[in-house]
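4 protein chains.
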Amino acid sequence: MSGNTFGKLLKLTTFGESHGEALGGILDGCPAGITLDFDFIRSEMQRRKPGQSSIVTQRKEEDEVQFLSGIFEGKTTGTPIGFIIPNTNQKSDDYSHIKDTYRPSHADYVYEQKYGIRDYRGGGRSSARETATRVVGGAIAKQIIPNIKINAFVSSVGDIFIDKPYQDLDFSKIESNAVRCPDTATAKKMEQHIKEIKKQGDTVGGTITCVIQNVPIGLGEPVFDKLHAELGKAMLSINAVKGFEFGSGFCGAKMKGSEHNDSFNSDGTTKSNLSGGIQGGISNGMDIYFRVAFKPVATLLQKQEVLTNQGDIIAQQGKGRHDPCVVPRAVPIVEAMTALVMADYFLLDKLYL
Amino acid sequence: MSGNTFGKLLKLTTFGESHGEALGGILDGCPAGITLDFDFIRSEMQRRKPGQSSIVTQRKEEDEVQFLSGIFEGKTTGTPIGFIIPNTNQKSDDYSHIKDTYRPSHADYVYEQKYGIRDYRGGGRSSARETATRVVGGAIAKQIIPNIKINAFVSSVGDIFIDKPYQDLDFSKIESNAVRCPDTATAKKMEQHIKEIKKQGDTVGGTITCVIQNVPIGLGEPVFDKLHAELGKAMLSINAVKGFEFGSGFCGAKMKGSEHNDSFNSDGTTKSNLSGGIQGGISNGMDIYFRVAFKPVATLLQKQEVLTNQGDIIAQQGKGRHDPCVVPRAVPIVEAMTALVMADYFLLDKLYL
Amino acid sequence: MSGNTFGKLLKLTTFGESHGEALGGILDGCPAGITLDFDFIRSEMQRRKPGQSSIVTQRKEEDEVQFLSGIFEGKTTGTPIGFIIPNTNQKSDDYSHIKDTYRPSHADYVYEQKYGIRDYRGGGRSSARETATRVVGGAIAKQIIPNIKINAFVSSVGDIFIDKPYQDLDFSKIESNAVRCPDTATAKKMEQHIKEIKKQGDTVGGTITCVIQNVPIGLGEPVFDKLHAELGKAMLSINAVKGFEFGSGFCGAKMKGSEHNDSFNSDGTTKSNLSGGIQGGISNGMDIYFRVAFKPVATLLQKQEVLTNQGDIIAQQGKGRHDPCVVPRAVPIVEAMTALVMADYFLLDKLYL
Amino acid sequence: MSGNTFGKLLKLTTFGESHGEALGGILDGCPAGITLDFDFIRSEMQRRKPGQSSIVTQRKEEDEVQFLSGIFEGKTTGTPIGFIIPNTNQKSDDYSHIKDTYRPSHADYVYEQKYGIRDYRGGGRSSARETATRVVGGAIAKQIIPNIKINAFVSSVGDIFIDKPYQDLDFSKIESNAVRCPDTATAKKMEQHIKEIKKQGDTVGGTITCVIQNVPIGLGEPVFDKLHAELGKAMLSINAVKGFEFGSGFCGAKMKGSEHNDSFNSDGTTKSNLSGGIQGGISNGMDIYFRVAFKPVATLLQKQEVLTNQGDIIAQQGKGRHDPCVVPRAVPIVEAMTALVMADYFLLDKLYL
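Protein chains in written order, with UniProt numbering: chain A, 1 to 353; chain B, 1 to 353; chain C, 1 to 353; chain D, 1 to 353.
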């Protein structure tokens, strides 16, 4: 009820504040007998980790995950997988300046209004540091559904967009640059833009596109738990996300039915795929693809007006090491949440075996 | 698990196929002692009902809701509210032509693949007729939170958009025209456009904007059940929806942080509201607003290729009375799902009393 | 949350007051493709129905169930099964005498305290009439798991007990007498006792034993959702139930480990079965058996003190037709709840396929 | 779904095997602003800890709980409370002898059948060591509902029973002896009996009675989530429990209605309390009391037949330090689960504010 659990059969429950002892979680409902690839889990954590390149925050977080249960001799046992990620490098004093102030477009004010109390250090529970636990869950989820391929990438930064359909992109190039954009020329422009924004002490938003391939037909639980509705919720639950569209998305709203309908081939596949791989909330076997909008990071390394808990408006400058653009590091988070949804719906569909 | 329940404390569970005996539902968790306005519920049903104007389907559905429990002497008793909407005007023979065929961009094919069986009459469970039960639930939900004002309206049809911010619109005019667009001049253009599309035997998509006003601070359950994540899921669960954005939405992804941050006033309100009334998943007391994209209706009154269950591709023309544009009738459905989310989160927030 | 839904994957949500328009429910999560035996469902309803013999209430309830969805051409479709049971024979005036009074050991007083309002007619939602919907759900659940055999019977009425282990009983005789006791000699004594009690205008309690045979190994979800914990909750949720024990039960608490342990045979079965077919919350393939205690019906056809809503204590006599002993009619309810649990856990176990 | 979460609004999710790195859990839904008494939590852990007296296992478990989140400056913040209990003293080699064998009346066999794999060290997830996490959750739950008084005590060991109603007992004496029986004379007999049983290398069962006082009227969610149904499930989920009864319990099944009904006083209290403080699933303000049956511990320090995974029956003797009687140490576990239920239902009842 309190919003810290995601999933139906495969449930990830998480805890942790950015400057507490540790973050962590429990993944329950993971099938037994899966030989886990711990190197893969570590590499997924590395992708999310700050400090990987000059265009992301240089803050250091070790993000070493410790598994405490549910695994025996390298295999899942069907019992809950508990894990923690100790917070090793958090300095509380960095944040004393925000103890009594509410930063604009942060959650400081609403947490204090809702709960009457907040852990102000580094955003507490509302910090994007929380997403580290999602990446752990997602890295295991990917191993539950090894045949389903999930690739997310940065499709825009500010006004700079990839101007090709995803079918023309080489996903193997996603990790070849700091922006995680598979189109090399666009990636360079994005990188340049982020560096300029950073120099200004400013931040910029962007979008991530995610493509899911090799999806079995039949995943999805109508009417309220349509596959895309759950994917949408998963994405919208990620910090800084402002929008979600799948298939034709907002463009589809401008189209005519005669343009939009996807004609069948005789094998049940479709000639076009404006539907985005989902009909009536159920996967149809075609690629699922969707796009996620991220707002610019709210913490600026320039002066801004903040509200104090005395009701005064004062000028304050963000401190510390923050991302000028969140989307490169959000790519593995989008994939993780996608994997959690797909694995969960894969397991749910076993009901109909 | 099977996707026919929506909500956490206030739970709507629904059933019903478009051509079965009846649709219906159970609203559980409604607080006791609310004197229900049945005329209001009926009027909400009327708004969704087909046949209201020349631009929507002329199909007749009586949509008379019968309440069977949970209400005593006009008041809610705290026990579950069971209700049914008999299907009085459905003629099964209208649909015999689709018994052995799968229509493009409909759910016929995936239902048969997932379940091995489908009620082919009129789309069965995947028919938008299902949303009638949501309107009943929403009409009660609105009465749980009478102070929160929910107004949805058509903001675009095809390429025709309202070119004003919602603050400049007069919501009292929404019901004054058949399109449910509060900007009279734009409404006329939309209506004209829909009539032309209809003449062509075609359909067209559109968007609905929804504004929620007078929201208490503190509604929302981070981290996975952020208020906008639940609103997004609610919208994406409605038939034909392809996208959801709130506040700055996809535009926000192009902006810089210095442009996007909403500065505080000394009373905790904000000068701008690009955040869309939600920070970190929790309402901040400002207006919540979001936009929902609907694809064009898939049933066309022109020939299209369909797939038969023998693997043949044949030409077939849609029969019956269908909407050339779904958005006018979707307005009350968007409001209903919004009301269900807001009432649910309102009740959840009582945990912190 | 509000307690009107039972089950995890196979979910029964019910509604209805004893004197409202109708009772009903939604069974969600039923696998598709099951050819339902409607005669069987009707016969299960008949077993619960009042007026079947001289030792149960002569009240007439037609208990005709109408299925409204989720079934097409006689088969389940995987969509939710909605159903109603109209209340055809309820006379509200029968209950006007309890409008302002709270009967001892009924729920009148607590419903009014909790909800601030109650439907006083015939006990409203707290009436055992509610269990009719459980029998519908259970009758379908039994058809999901046709191989698992569920037999409940009356094992005691007042001080009269069956003095044999269940293995010595012939379950085919359960329905051969009005008490539903498979031991004919004991059944006669019980029947005689109930008739005497009835003459006195009094009521008497009893116990029901339930035996589940042919159970697959592996059903149960430790640690909190152990199979017997869910069975226990299911039983304790039935009106008038005061206790639940399985396997050795309360007797087991008096035993030594060397007496109580069930030694293995080499095929994994056990020589004794004091465990009652469940180890660590998981079925082990042996018979599951448990016993349920029912208190005597609280409505007496003799004068009792009742509390008025003015705080006065007055004498009042129960009216109408009530059961002198509830256990004979509770047998199908115990079976229904058992079937719901077993089918649900059967489906849950598919996760490990 | 997989059974490692307990509760509705106040949710405890746990993980951990007896010989893994650590046990732990996440308590979600705890209201914000509660100043936690950590000494109290530690003392509750001490009560469950092995090695406290000569009649319980001398095994050493430090059971030091570390809180990792959800608490700031000593107060709950409304975010999830993550905690771990490191396993510091587990020696895996102690258990190598059971790697290939299934002990009678243990869960070894069914875990392997269900999951295809098991952590055989010390019972793995099925070990009662898991209950340590419940005590942490319960110790916090007690602080959510400080006015509700929960007292559990040992009411029988083998054939030795307390022969007084609970009203005649002095709960302050529960902790004054090793058996946790408030009746000193009976406690001595029990202690003596357990020592004899221990000498024989045997074990013995017993019962625990729990009394809940000062309960607000109105807690409970009919029809399926009746307060006693949830208490029953909570108790039956504890290792070794075989039965649950509340109020008159199984004795009530022998009584007549005229004996069993609890007459009202004019203030809504009742003269007798055979109902056990709950009517129709809702608390009525009277004391709630119930009794829980525990089987004898299955591990014996004498030779028993075990099954090998090759299908052989061999003789094997239990090793290590085990409890000859589990009930003294189960008292704090019964209280913890009771507190979790009562706090959860207390929070749920806020819906009706």
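Among the hints, a few may not be true.
Note: identical chains are not told apart, hence a pair may lie in one copy or across any two.
To be verified - Calculated pairs, BS3-like style, for lysine-lysine (alpha carbon to alpha carbon, straight line, at most 25 angstroms):
no., residue 1, residue 2
1, K256, K188
2, K350, K188
3, K319, K256
4, K256, K303
5, K149, K350
6, K350, K75
7, K271, K99
8, K350, K195
9, K173, K49
10, K256, K49
11, K256, K199
12, K99, K188
13, K256, K195
14, K271, K319
15, K303, K75
16, K199, K303
17, K189, K256
By construction, these hints were calculated from the structure, which means they are not laboratory data.
All values reported here derive from a predicted model rather than from experimental measurement.
Against the structure, the hints:
1. K256 <-> K188: Cα proximity of K256 and K188: across copies only (19 angstroms, versus 37 angstroms in one copy).
2. K350 <-> K188: neither (44 angstroms within a copy, 49 angstroms between copies)
3. K319 <-> K256: between (50 angstroms within a copy, 18 angstroms between copies)
4. K256 <-> K303: Between. Shortest inter-copy distance 15 angstroms satisfies the 25 angstroms Cα cut-off; intra-copy 48 angstroms does not.
5. K149 <-> K350: Classified as both: same-chain Cα gap 20 angstroms, cross-chain 24 angstroms, threshold 25 angstroms.
6. K350 <-> K75: Classified as both; 22 angstroms inside a copy, 19 angstroms across copies.
7. K271 <-> K99: Classified as between; 23 angstroms across copies, 57 angstroms inside a copy.
8. K350 <-> K195: neither (48 angstroms within a copy, 46 angstroms between copies)
9. K173 <-> K49: within (19 angstroms within a copy, 51 angstroms between copies)
10. K256 <-> K49: between (44 angstroms within a copy, 23 angstroms between copies)
11. K256 <-> K199: between (45 angstroms within a copy, 13 angstroms between copies)
12. K99 <-> K188: neither (39 angstroms within a copy, 53 angstroms between copies)
13. K256 <-> K195: between (41 angstroms within a copy, 13 angstroms between copies)
14. K271 <-> K319: So K271 and K319 pass the 25 angstroms test across copies only (24 angstroms; inside, 52 angstroms).
15. K303 <-> K75: Neither. Shortest intra-copy (51 angstroms) and inter-copy (33 angstroms) distances fail the 25 angstroms Cα cut-off.
16. K199 <-> K303: Within one copy only: 14 angstroms inside a chain, 58 angstroms across chains, cut-off 25 angstroms.
17. K189 <-> K256: Between copies only: 16 angstroms across, 35 angstroms inside.
The structure is inconsistent with the numbered hints 2, 8, 12, 15, although it conforms to all the rest.
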